[in-house]
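**Q** Chains as they are written, first to last, in my numbering: chain A, 26 to 378; chain B, 26 to 378; chain C, 26 to 378; chain D, 26 to 378.
Since the hints were derived computationally from the structure, they do not count as laboratory data.
No residue lacks a Cβ here, since even glycine has one placed at the ideal position from N, Cα and C.
Treat each hint with caution, since some may be false.
As the list claims (entries may be wrong) - Label pairs and their computed distance ranges (CB to CB):
1) D/Glu53 to C/Leu174: 38 to 48 Å
2) C/Thr220 to B/Phe117: 30 to 40 Å
3) C/Glu101 to D/Phe117: 54 to 64 Å
What the hints assert, rightly or not - Taking lysine to any residue and the SDA-like style, the derived pairs with C-alpha atoms no more than 20 Å apart in a straight line are:
4) D/Lys229 to D/Leu213
5) B/Lys229 to A/Tyr182
6) C/Lys229 to B/Arg286
7) B/Lys229 to A/Glu101
8) B/Lys229 to C/Tyr291
9) C/Lys229 to B/Glu284
10) B/Lys122 to B/Asp167
Next come the chains, spelled out residue by residue.
There are 4 protein chains.
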Amino acid sequence: MNDLHGVAGVPMRWVGPLKISGNVATTETEVPLATYESPLWPSVGRGAKISRQTERGIVATLVDERMTRSVLVEAEDAQTAYAATRRIDAQFDDLNKVVRACSGFAELVGIRHEIAANLLFIRFEFTTGDASGHNMATLAADALLGHILENIPGVSYGSISGNYCTDKKATAVNGILGRGKNVVTELLVPRSVVTEMLHTTAAKIAELNLRKNLIGTLLAGGIRSANSHYANMLLAFYLATGQDAANIVEGSQGVTVAEDRDGDLYFSCTLPNLIVGTVGNGKDLDFVEANLTRLGCRAEREPGENARRLAVIAAATVLCGELSTMAALTNPGELMRAHIHLERKQGEYSSNG
Amino acid sequence: MNDLHGVAGVPMRWVGPLKISGNVATTETEVPLATYESPLWPSVGRGAKISRQTERGIVATLVDERMTRSVLVEAEDAQTAYAATRRIDAQFDDLNKVVRACSGFAELVGIRHEIAANLLFIRFEFTTGDASGHNMATLAADALLGHILENIPGVSYGSISGNYCTDKKATAVNGILGRGKNVVTELLVPRSVVTEMLHTTAAKIAELNLRKNLIGTLLAGGIRSANSHYANMLLAFYLATGQDAANIVEGSQGVTVAEDRDGDLYFSCTLPNLIVGTVGNGKDLDFVEANLTRLGCRAEREPGENARRLAVIAAATVLCGELSTMAALTNPGELMRAHIHLERKQGEYSSNG
Amino acid sequence: MNDLHGVAGVPMRWVGPLKISGNVATTETEVPLATYESPLWPSVGRGAKISRQTERGIVATLVDERMTRSVLVEAEDAQTAYAATRRIDAQFDDLNKVVRACSGFAELVGIRHEIAANLLFIRFEFTTGDASGHNMATLAADALLGHILENIPGVSYGSISGNYCTDKKATAVNGILGRGKNVVTELLVPRSVVTEMLHTTAAKIAELNLRKNLIGTLLAGGIRSANSHYANMLLAFYLATGQDAANIVEGSQGVTVAEDRDGDLYFSCTLPNLIVGTVGNGKDLDFVEANLTRLGCRAEREPGENARRLAVIAAATVLCGELSTMAALTNPGELMRAHIHLERKQGEYSSNG
Amino acid sequence: MNDLHGVAGVPMRWVGPLKISGNVATTETEVPLATYESPLWPSVGRGAKISRQTERGIVATLVDERMTRSVLVEAEDAQTAYAATRRIDAQFDDLNKVVRACSGFAELVGIRHEIAANLLFIRFEFTTGDASGHNMATLAADALLGHILENIPGVSYGSISGNYCTDKKATAVNGILGRGKNVVTELLVPRSVVTEMLHTTAAKIAELNLRKNLIGTLLAGGIRSANSHYANMLLAFYLATGQDAANIVEGSQGVTVAEDRDGDLYFSCTLPNLIVGTVGNGKDLDFVEANLTRLGCRAEREPGENARRLAVIAAATVLCGELSTMAALTNPGELMRAHIHLERKQGEYSSNG
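Bound-form chain A, shown alone:
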């Protein structure tokens, strides 16, 4: 390392393979995880192994995708702000032309707005091809804002970002209106696998999920989130694939659902705010290119297909780690023993959460 330029070398391993199906990809793939918390690898690895014991693997359903940027404009008063919203809605097609002129990959797919006093927050929603789309959305929002300030009377510049986007903050708006990929993952684990590989029962996991993830997070004052440790898996996956890992803040807001289905375990992770891309900032580093290629996310496909593939793999990875930790937590002392054990040797289980 010289004085000013260097790298932070975060330890990285490939684990898996994970078995994945659903409406985006049917695949078995290993995944790269970069982390300082080594227990994460065997934890995800155990989940991956379980996925391979099942008929359909982890079924990942992508239900939405969009990138957003909210601008803030100040109106003369609320009446003017309201009039502006009506004009903006009426000019949707014109505004989309402005967006298309910015980028061949951006498309305006929705506009939402909210007024508080004389302030108008306008949330633009775009599709952005294979890019996560932060910069593309900001560029397009900048052009849209310019267009609005020129064409709509009584409004003036407030901010290119009004925090109603919302980028890298845990809020409710992203889940409710959509930001990033919204992926639901599901895994049906046969009773025998629950017993032998997770050393627990479906009923115990379902009960723990209710008490810890739903009630516990609620009491803690959480917002739109009920899970054990999505943030751990997302961070490691994001670092290994060149993502802007600060997006784990909203990305880790998600809901784990577990059901005892006659002894089999239905286990599901819903991640409404997954922000990933296969092109853009950070993606041209050699190891990132190698990783994305190995994940099959640099193939010749329609724009957006590679990013969607990456999103479902990320979501499946989250499920693997979540399942493993939740199982471990049903057994008194197991998590602690695993951590102590792992100080010497990479063991089987789980990380904190």
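Starting from the known structure of chain A, arrange chains B, C and D on it as the hints suggest.
**A** Structure of chains B, C and D alone, referenced to chain A:
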């Protein structure tokens, strides 16, 4: 990189130095930031430069520190749960003995509990020396839980973590009850510096902060947070110093306050949930040791002093990036121009948020 | 009072008149307030008096209206849930026919949905004429749910209400997607009136609003709310006009904005979730009919016009009480003195909050 | 009704009796409910009837009580604010003397504080005898604030209320730190009663609770709340007993838990923020006095005992209505049929939520 073992080499630069004073450290220090988002470096760098134009620099006040873990126990009924809380409170000294037996660095400093139905969530609060304390807290909580299950009638194991801790989730409990270091940073920027180096006015920044960070985040449904992009600075600082960067989820919940004081700018970032350590997982990597040493956080000091120093440096780094971006956002087009400019050359300003 | 049937006689007074303008009504009207907290009357009365000192009075802008009910259906899996959402969106016109067959006043104006695991929450949005619309929306949702269960494969009954509506709970969804009337009120108070009638300055009120309503509520872990005591005014107005006053829970989520405009005070209350009606449950009681008539909300008008008029009067009433209390709070001891004074005589100021 | 003075006569009925046991009261009592929503009466009535079929009735455990008021002071800087907190903590006994001088019933039981920038929010916690304590707490806080401003250097008046109390807003702080009575109610309903009187199964209610109250509210962006319609019962009970019903805003934040215990139903409602009193504002109205007397809450007892009795009756009433509605919702169409039926005749079931 061989097949399974490698590193994710996140680009890292030192920026600064930052001028810092306050109740923990008086220093000028550069800081290492590892990120895929290169505009972050000049953004923090500009803030650092401004800190050096001021008399006291960034004044960082550490107001609290503790690491927590909440266990979950199931009681026969609420009456039993309530009786258990009274016994637990009465046994504080005994419980602290259990903690001290686990580690020479852990100390029990508080217990909080909450009952929902027949479920009892017990939140243990520890000091943990120079470690961030995740593992120390889990180890101690495991021992405490064992002690409680043996000594208090009518309760049984629920989970070693009940999500009332709360680790790596954005909730309200951490700020209200405390988790990690609680650091307030303040910087008083003379009017002339605001004009010449930030190209704006104190009034404009104060107004933007009200509208974007406070009202905008509120409308977005945020929880205990009002800032532009703390997550970006924290991620980069955490990666460069071997922290568990998934803690940016709660770490980035914080409040920016900006005031126009007769043309001078009062700018403050409050970070109630900063989780950092100078020993433990990730700290034995060569570059991490080098970075911590260069930051002056591996000196011979009382246990906890190095970690507190690291915390105030982290918080000051956040202020630098926040100030720079907020200033840029007051000028239409500046953020966008800076990003475009930086695609060719590392420029002066800011990253998204 | 006989044994089982009686009335709870809540003390009621008319205060005002309030001066109101905007896109719904231009009027001067007194308002009835029923409350056990007598300081509320002079508090609102002071605000009303101030409104009459201004040129335009309280300018109320109604920016949206809709009543919602979310049903919950269970799908075989997420894939099926996703397919169902696409069918539902495609059948919007058919679904609206189902709604129109339920009621001559209900109209389907939007459908939103969210999937978690295999659960599908469908949020129907209606206009409901002059009714607040709880029952109309439930009736229509019941019919829509029946239609969906018959026509869309793979889904079964979950609940006629999935708490994603959201009725009588403080959440983020109502403000973001809309529920009830969304009304912004604004009042520009000349500097001389601020001084003479509020005994304070615009700067002091603006500063207090930032610190108490925005930062204080944020630290408390509030959700989409920043005000001093909207709940007090809403409760009293709702009781006096036959509303379901449990809707103050979400109705009181709103944002106060105050600005010092060269010594004049810009004061605004945004109430995104005002649920009011002029027909339906509770509206046929004699005193309610009399009150609604006196408010001019039982006139022969287009369906919906009376309810919108009631909404802006409610919102203006909130502003009056909020302004008066905020002003009082800027003066140390004023609130307390007013309360003590009012124990003997109905005085001038404000209630708790 | 004359022009300015009158009453809003809210229809009121007594329903029950409810069977109640626990650590505060063992009783069978009818309860008065004042509401414009008549389906509420049979809904609560059904729950009450079920309580009488069980051995212990509704077991109500009061686990905490305190009334709070947060003051806001401005410090010269964060360092000064921090120093102030240390002095305040050290002066607890002196501060309690200040409180006792204000009222023979108020007692200081805790102080919490939080710093943001140079702002210091101090949350005082009191016991207040049989009063709900709003005014007593404000009076005491006013005296404490005066004492602090005189005795602690570097701080000045901000506000007598800093919204960190938090009064009549839905936040996280009240549940986490405590405000009002914290009451947990539990009812174990035998399988046969579930079948015959609720026409459903324990499993169905448990599943609905998970999906609607926990997951549905979470997706809606709720804060510390998971129930169907606590607000309805609280409003009606509060109006009938002279409470400040605006406190339903935070009072209705609570958690329903339902479990299938071998076919029997375990049903629990936790209400952490119940604010009730038997003396004070509104309690001297004739019908209120009569109602409180009939509820057994005007007896000669130790200060606080009457208010605690009222709190557990309120909480048990909430459980009755919640149970009835949740059961109805498990059966497609039942809620709607009940509402239509009730337009002609008071039927059996439930109100919206």
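**Q** Hint by hint, which ones does the structure fall short of?
**A** 2
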